[in-house]
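Peer 1: Sequences listed follow chains A and B, in order. Going by this note's numbering, the first sequence opens with residue 150, and the numbers climb by one from there. Going by this note's numbering, the second sequence opens with residue 150, and the numbers climb by one from there.
The reader is advised that the hints may include incorrect statements.
The list makes no distinction among identical chains, and a pair is therefore deemed to hold if it is satisfied within one copy or across any two copies.
[What the hints assert, rightly or not] Calculated lysine-lysine pairs in the BS3-like style (CA-CA distance at most 30 Å, straight line):
# : residue 1 : residue 2
1 : 164       : 293
2 : 178       : 293
3 : 259       : 293
4 : 259       : 188
5 : 178       : 259
6 : 178       : 164
7 : 164       : 188
8 : 164       : 259
Hints listed in this document are in silico derivations from the structure and should not be mistaken for laboratory results.
So you can see what is in the structure, the chains are spelled out below.
Number of protein chains: 2
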Amino acid sequence: MVAALDLFQEQGYEKTTVIEIAERAGLTKSTFFRHFPDKREVLFGGDTMTARVIEGISAAPAAATPLEAVANALDAVGREAFTPARREFIARRRAVIAANPELREREALKGIGLTASMTGALERRGIPGLTACVAAELGALAWKIAYQRWSDTANGDEFSEVARRTLGELHAATSSC
Amino acid sequence: MVAALDLFQEQGYEKTTVIEIAERAGLTKSTFFRHFPDKREVLFGGDTMTARVIEGISAAPAAATPLEAVANALDAVGREAFTPARREFIARRRAVIAANPELREREALKGIGLTASMTGALERRGIPGLTACVAAELGALAWKIAYQRWSDTANGDEFSEVARRTLGELHAATSSC
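One chain only, chain A, in its complex shape (with noise of 0.2 Å):
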């Protein structure tokens, strides 16, 4: 949320209250609540992204590998959330949440919920739980590793451009483990 990360900048994630938020985008405090059950959440946009990547495994053809399914998840991402026109406010939002350990930590715990996420949609294509849990792993390496790349970099490719290539990346690197 905008007015939420410009407000971080500004004067710090510690200092900002949800009041000064809510107010900041036109909200009441109970309308906020609504929507994000505390101040860290507002960053991290409740549960749509899970929504996503587990739709993206899903509608894979039937004939996917699991990395090709995860692939498509990873397009979904960029598709809905992962934007050019986004870029620049991920790459600030990034930079806010790199500054603070509470946000840190609700980024770590929003990683497991989305690698679980990921596990669980593999497992319902039939694919068992171990090759499910290591594509899940890959495939989350892969977002973390794209993502670092294509918010620092403007005017590049597109985020399942850069997905996609990571993920080949690291699936050959398997065979050097």
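On the provided structure of chain A, position chain B as indicated by the hints.
Peer 2: Chain B in isolation, oriented as in the chain A frame:
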């Protein structure tokens, strides 16, 4: 720390104060804060685990593959932290963490830190960046699964055996991704 875990189980994590933990453990409040920056940290034991893991990787034979070096680190974890004598404590600790979102967040961030430390230690062995990332991520996943398997079973195999077996299964699973 046993005193803290007892209190968290008796009266809940939220309701337990640092003063109560310090009293139960026979520490002053200021001694407590010298060891642990906050209440959550009491269950995570600072950075000793990180040091053990880095040593385990760097002490692996020069000819070891990335995953053999990671297995060496998991041996160290089993020797120093997840010992048979501590299994019951570890299982109780796991239940307390699972029940509390704040503790789950701290655990998630610790996991990311440990994975990054493993990646760094592997890179210092001359392993290329992405391969080090993948090997560390497979090691972290083996750790997590082995921790569940091992702490669930009284009188089962030692942690390092469970962890090595799990790492082998994950490595095999990469070929069907």
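Peer 1: When the structure is checked against the list of hints, which entries are broken? Sort them ascending.
Peer 2: Result: hint 2 breaks, nothing else.
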